[in-house]
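Chains as they are written, first to last, in the working numbering: chain A, 1 to 187; chain B, 1 to 187.
Be aware that one or more of the hints could be misleading.
It does not matter which identical chain is used: a pair holds within one copy or between any two.
[Unchecked claim] As a list, the in silico SDA-like pairs of lysine to any residue whose alpha-carbon atoms are at most 20 Å apart:
1. Lys171 to Thr30
2. Lys111 to Gly125
3. Lys111 to Glu97
4. Lys111 to Leu25
5. Lys81 to His65
Just so you know, the hints here were simulated from the structure itself, not pulled from any lab data.
Protein chains: 2
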Amino acid sequence: MEKSRPRLAIDMDEVIADAFTAQRLWYKDTHGYRWTEDELKGHHLGDLATPEHAAGMQALLHEGHFFADLEVMPGAKDALKFLNQHFDIFITTAAMEYPASCAPKFQWLQKHFPFIPALNIVFCGHKSILAADFLIDDNVRHFQHFRGQGILFSAPHNLNVEWSPRVANWKDAVAYLMQQHPETEAP
Amino acid sequence: MEKSRPRLAIDMDEVIADAFTAQRLWYKDTHGYRWTEDELKGHHLGDLATPEHAAGMQALLHEGHFFADLEVMPGAKDALKFLNQHFDIFITTAAMEYPASCAPKFQWLQKHFPFIPALNIVFCGHKSILAADFLIDDNVRHFQHFRGQGILFSAPHNLNVEWSPRVANWKDAVAYLMQQHPETEAP
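Please model the entire structure based on the sequences and the hints provided.
Below, the structure written as structure tokens:
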């Protein structure tokens with residue numbers, strides 16, 4: 001009989017879906033300016049733009065279909081396929097700020113991560129509502145009242161944030177998670 | 001300083017939103033037949049319809065906007081307003097079978113329950129992912145791996161199901177919840 005598996009909650013944007021690059025490209029195409037790596041470090045894109053441009057970016061996100069064509073983050077597909085053998089994976093994304101994003105996000109997941117059952121998808125606001133052993137996210141605010149272990153996934157905006165454990169990419173994330181796993185060896 | 005409040009998760013359809021009556025009316029308008037109370041007892045509507053009619057009903061639910069105009073369940077608004085003073089309320093609805101329902105369900109909640117913050121809305125599949133002290137739902141399957149106390153909200157389809165506690169309506173639900181509350185008296 002299969003033993004109970006640890007439960008792993010995984011965020012979407014900047015963790016498995018590259019919303020950051022798409023927003024950066026949209027800004028360059030729309031306003032002709034490409035932010036440098038130095039400018040991006042420690043900032044959300046909305047903070048770098050003028051208020052007017054930030055409002056345009058918000059409107060883009062509210063349209064929802066922006067989320068339909070995002071690239072998959074490097075290594076995410078293979079990592080989740082592997083982790084899926086050892087953890088119960090839930091995709092847990094903060095969609096309530098952009099309710100129109102739910103349907104495109106759902107379709108995106110079905111397309112790129114068909115091995116994650118639809119019933120394991122969660123669109124939420126506060127992630128303190130999640131009952132999971134681990135949560136991989138690029139925003140430490142979601143760890144504040146989360147009852148399991150928060151794992152910070154590096155993104156330009158969080159590079160100055162203090163949090164441990166932090167993982168730089170999916171290779172790091174798999175290594176960390178398999179170290180924590182009660183029953184399996186690292187791959 | 002405010003003490004930590006118990007967390008209450010509440011389902012939508014048949015608990016705060018009357019999807020049942022709307023489906024029953026749609027069936028009568030579309031197929032000319034009105035199910036009797038006796039026929040409904042212990043059955044989901046989809047099981048009573050012919051396969052062809054059930055498929056039409058599924059299509060209706062998949063369109064999503066069906067969920068935009070549902071009536072609020074009797075007493076739900078006042079009950080949630082009251083409970084909101086004593087519990088941290090999350091609305092937790094199984095939307096993944098009908099992903100197009102997310103946006104209309106979100107708007108419905110904003111319209112009828114504006115005092116529930118958007119960040120306290122959860123669209124999920126399996127409700128075992130919820131970290132809450134109580135879950136009010138009309139489907140006992142959601143209680144199976146839920147770590148808190150499941151409270152069955154009576155609906156025609158669940159009248160033959162054994163579960164305790166069961167509440168017949170929102171008056172009952174408030175009375176039960178306030179009995180369980182660690183710090184307050186019944187209203």
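Evaluation of the provided hints:
| no. | hint | in the structure |
| --- | --- | --- |
| 1 | Lys171 to Thr30 | neither (34 Å within a copy, 55 Å between copies) |
| 2 | Lys111 to Gly125 | between (24 Å within a copy, 18 Å between copies) |
| 3 | Lys111 to Glu97 | between (23 Å within a copy, 16 Å between copies) |
| 4 | Lys111 to Leu25 | neither (23 Å within a copy, 36 Å between copies) |
| 5 | Lys81 to His65 | neither (26 Å within a copy, 35 Å between copies) |
Figure legend: structure checked against the earlier numbered hints; hints not met, in rising order: 1, 4 and 5.
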